[in-house]
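**Student:** Sequence:
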Amino acid sequence: MTKITRALLSVSDKAGIVEFAKALAARGVELLSTGGTAKALRDAGIKVKDVSEFTGFPEMLDGRVKTLTPQVHAGLLHLRDSEEHMATMKKHGLQPIDLVCVNLYPFEATIAKAGVPLHEAIEQIDIGGPTMIRSAAKNMKFVTVITDPADYARVLESMDANGGGTTEELRFELGQKVFARTAAYDATIANYLAGQMKTAAPRPFVKTAGNGVELRYGENSHQKAWLYVDAKASEACIAHTDVLHGKEMSYNNYVDGEGALEAVKELSGKPGVAVIKHTNPCGYATGATLAEAFEAAWNGDPVSAFGSVIAVTQKVDMATAELLKGRFIEALIAPDFEPAALELLKAKSKNIRLLKLRQPMSKAVPRKMIKDINGGILVQDVDTDSIAEWKDVTKTAFDQSKRALAEFGIAAAKHTKSNAIMVVQEYKPGQFRVLGMGAGQPNRVDSLRKLAVPKAIENLKLQNPKITEHEIAKTIGNCVFVSEAFFPFADSIDEAHAVGARFIVQPGGSIRDDEVIAACDKYGIAMAFTGMRHFKH
Numbered sequence: 041m042t043k044i045t046r047a048l049l050s051v052s053d054k055a056g057i058v059e060f061a062k063a064l065a066a067r068g069v070e071l072l073s074t075g076g077t078a079k080a081l082r083d084a085g086i087k088v089k090d091v092s093e094f095t096g097f098p099e100m101l102d103g104r105v106k107t108l109t110p111q112v113h114a115g116l117l118h119l120r121d122s123e124e125h126m127a128t129m130k131k132h133g134l135q136p137i138d139l140v141c142v143n144l145y146p147f148e149a150t151i152a153k154a155g156v157p158l159h160e161a162i163e164q165i166d167i168g169g170p171t172m173i174r175s176a177a178k179n180m181k182f183v184t185v186i187t188d189p190a191d192y193a194r195v196l197e198s199m200d201a202n203g204g205g206t207t208e209e210l211r212f213e214l215g216q217k218v219f220a221r222t223a224a225y226d227a228t229i230a231n232y233l234a235g236q237m238k239t240a241a242p243r244p245f246v247k248t249a250g251n252g253v254e255l256r257y258g259e260n261s262h263q264k265a266w267l268y269v270d271a272k273a274s275e276a277c278i279a280h281t282d283v284l285h286g287k288e289m290s291y292n293n294y295v296d297g298e299g300a301l302e303a304v305k306e307l308s309g310k311p312g313v314a315v316i317k318h319t320n321p322c323g324y325a326t327g328a329t330l331a332e333a334f335e336a337a338w339n340g341d342p343v344s345a346f347g348s349v350i351a352v353t354q355k356v357d358m359a360t361a362e363l364l365k366g367r368f369i370e371a372l373i374a375p376d377f378e379p380a381a382l383e384l385l386k387a388k389s390k391n392i393r394l395l396k397l398r399q400p401m402s403k404a405v406p407r408k409m410i411k412d413i414n415g416g417i418l419v420q421d422v423d424t425d426s427i428a429e430w431k432d433v434t435k436t437a438f439d440q441s442k443r444a445l446a447e448f449g450i451a452a453a454k455h456t457k458s459n460a461i462m463v464v465q466e467y468k469p470g471q472f473r474v475l476g477m478g479a480g481q482p483n484r485v486d487s488l489r490k491l492a493v494p495k496a497i498e499n500l501k502l503q504n505p506k507i508t509e510h511e512i513a514k515t516i517g518n519c520v521f522v523s524e525a526f527f528p529f530a531d532s533i534d535e536a537h538a539v540g541a542r543f544i545v546q547p548g549g550s551i552r553d554d555e556v557i558a559a560c561d562k563y564g565i566a567m568a569f570t571g572m573r574h575f576k577h
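Per our numbering, residue 41 is the first one in the sequence shown, and the count goes up by one each step.
You may find that some hints are simply not true.
[Said to hold, decoys possible] Derived pair list, reagent style BS3-like, types lysine-lysine, alpha-carbon separation capped at 25 Å:
#: 1; residue 1: Lys408; residue 2: Lys153
#: 2; residue 1: Lys153; residue 2: Lys272
#: 3; residue 1: Lys272; residue 2: Lys247
#: 4; residue 1: Lys264; residue 2: Lys217
#: 5; residue 1: Lys178; residue 2: Lys131
#: 6; residue 1: Lys355; residue 2: Lys408
#: 7; residue 1: Lys576; residue 2: Lys247
[As the list claims (entries may be wrong)] Label pairs and their computed distance ranges (CB to CB):
#: 8; residue 1: Glu383; residue 2: Gly235; range: 40 to 50 Å
#: 9; residue 1: Met358; residue 2: Ile167; range: 26 to 36 Å
#: 10; residue 1: Pro406; residue 2: Asn202; range: 19 to 29 Å
#: 11; residue 1: Trp266; residue 2: Gly415; range: 43 to 53 Å
#: 12; residue 1: Ala154; residue 2: Asp226; range: 20 to 30 Å
Simulated from the structure, these hints should not be mistaken for lab results. No experiment lies behind these values; they were computed from the predicted model shown. From the three backbone atoms N, C-alpha and C, an ideal C-beta is built for every residue, glycine too.
Can you build the whole structure from these sequences, using the hints too?
**Tutor:** Given below as structure tokens:
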């Protein structure tokens, strides 16, 4: 085991560095440093040697070159068990460096500033730092490398337990961490520079994530699964939640949680609830209160809501928590929980997962999404838009009093597996819910005829067993039918008319749009085009 006798410290994040340096010096370690780090250590009364003194070469080119020398890299890279390497070190008067503590220039923080100029961002691309830590990590058999202040205490503990050196196991772990860090750093730089390019030429796409956690199992119990967290995520997201109570999150919980949260974010700014089963919103509603929205969403499909994952837009209060009595769900995701509501939900079940968001609830922001396919990955922009244009296309004008309901239906449809038909209802003035949903069908007719409409009728009868056929027809006639993609044929219009539909919204864009419009005109149905498709596969 190599005793640590010389360490090079050069950090941008100086949290804990003075204390760490003092601890190293107290253990007899000679300290080398540069620039601001050296000054901080001297100001704290710690003896430190400038790297330029160690190498015999001054810092130059505005500090761009200071550690890129044979003295530093031979000191890191030579193999202590190689006679040839040791002879070469002696021949050239080179000395070992046994520990490197470096965190990189704050490139990520720099580009996070609004309006930062390109030249300023480029100046924050670290060269010497990544080179040093990669050299040290390559020689992890002998050299200890630290990139994270959280590891300072672990290194000191290992030194105390191992005669002033560190274990090979710890050095290996810290070395792996280096390559993960430089990969993430380079990925950030590459993606930032790609965004500055003026041409539309294809360019490499790089994505990294850290802090991998093994989950109980994957989509099925025989599959292994892991969650890797993107530390740079800046909006409310399922990977950045605190589990306040309940069983460990599973792969499926995260997938459904993603569906629930992204769907309910469309309703940000008002009480809103998304009830998700197998990524589809089987319940989706707004309300005057969160409790009202919850009840309306649950009633969208009370059978499917059993074992669902639910996301809400507002802090969970007692009235909402009370509604979960006697109802089994897998997880509830919220911006926060009132203390009494949290205790009530904890008492309800030891297994229910209660997740608190770390970022504020808001509409989704533009980002890239990735889908893994065998042999490659697909990358696309997240679908954060809703309507390209609103265009009345039928002889019967679309009632503008239905516009808000229609837009609610579009939000629901864009989070539903294609082919999707949503029957949405204004169940109280200004409050909306999904009354019936048809999702994931090979053709749109079945989504409407066999799923969305029968489910809407079933829900009306569940909520009012005495409802008459006339009342059902009247309610359906006041709903809006929303399709997430165009109708390829007029057959869906025939089916919609058969159940009394009077309002239809779809993107348009089919070569048979004229036939579809003619069918609506034939039946007196008002139809609007949005000009924007929302396929979800």
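**Student:** Determine for every hint whether it applies to the structure shown.
**Tutor:** Verification of the supplied hints:
1. Of the supplied pair hints, the one linking Lys408 and Lys153 holds, its CA atoms being roughly 20 Å apart against a limit of 25 Å.
2. The straight-line distance between the Cα atoms of Lys153 and Lys272 is roughly 14 Å, inside the 25 Å bound, and the hint therefore holds.
3. Between Lys272 and Lys247 the CA atoms are separated by roughly 11 Å; this keeps the pair inside 25 Å, and the hint holds.
4. Of the pairs offered as hints, the one joining Lys264 and Lys217 holds, with about 23 Å between alpha carbons and a cut-off of 25 Å not exceeded.
5. For the hint linking Lys178 to Lys131, the alpha-carbon distance of about 23 Å falls within 25 Å, and the restraint holds.
6. Of the pairs offered as hints, the one joining Lys355 and Lys408 is violated, with about 29 Å between alpha carbons and a cut-off of 25 Å exceeded.
7. Pair hint Lys576 plus Lys247 holds up; C-alpha atoms about 22 Å apart against a cutoff of 25 Å.
8. As the Cβ distance of Glu383 to Gly235 is approximately 46 Å, the hint placing it in 40 to 50 Å holds.
9. Judged by the Cβ atoms, the range 26 to 36 Å given for Met358 and Ile167 is violated: they are separated by roughly 57 Å.
10. Checking the proposed 19 to 29 Å range against Pro406 and Asn202 shows it is violated: the Cβ atoms sit about 50 Å from each other.
11. Between Trp266 and Gly415 the beta carbons are some 21 Å apart, a value that contradicts the proposed interval 43 to 53 Å.
12. For Ala154 and Asp226, the hinted distance range of 20 to 30 Å is satisfied, since their beta carbons lie about 24 Å from each other.
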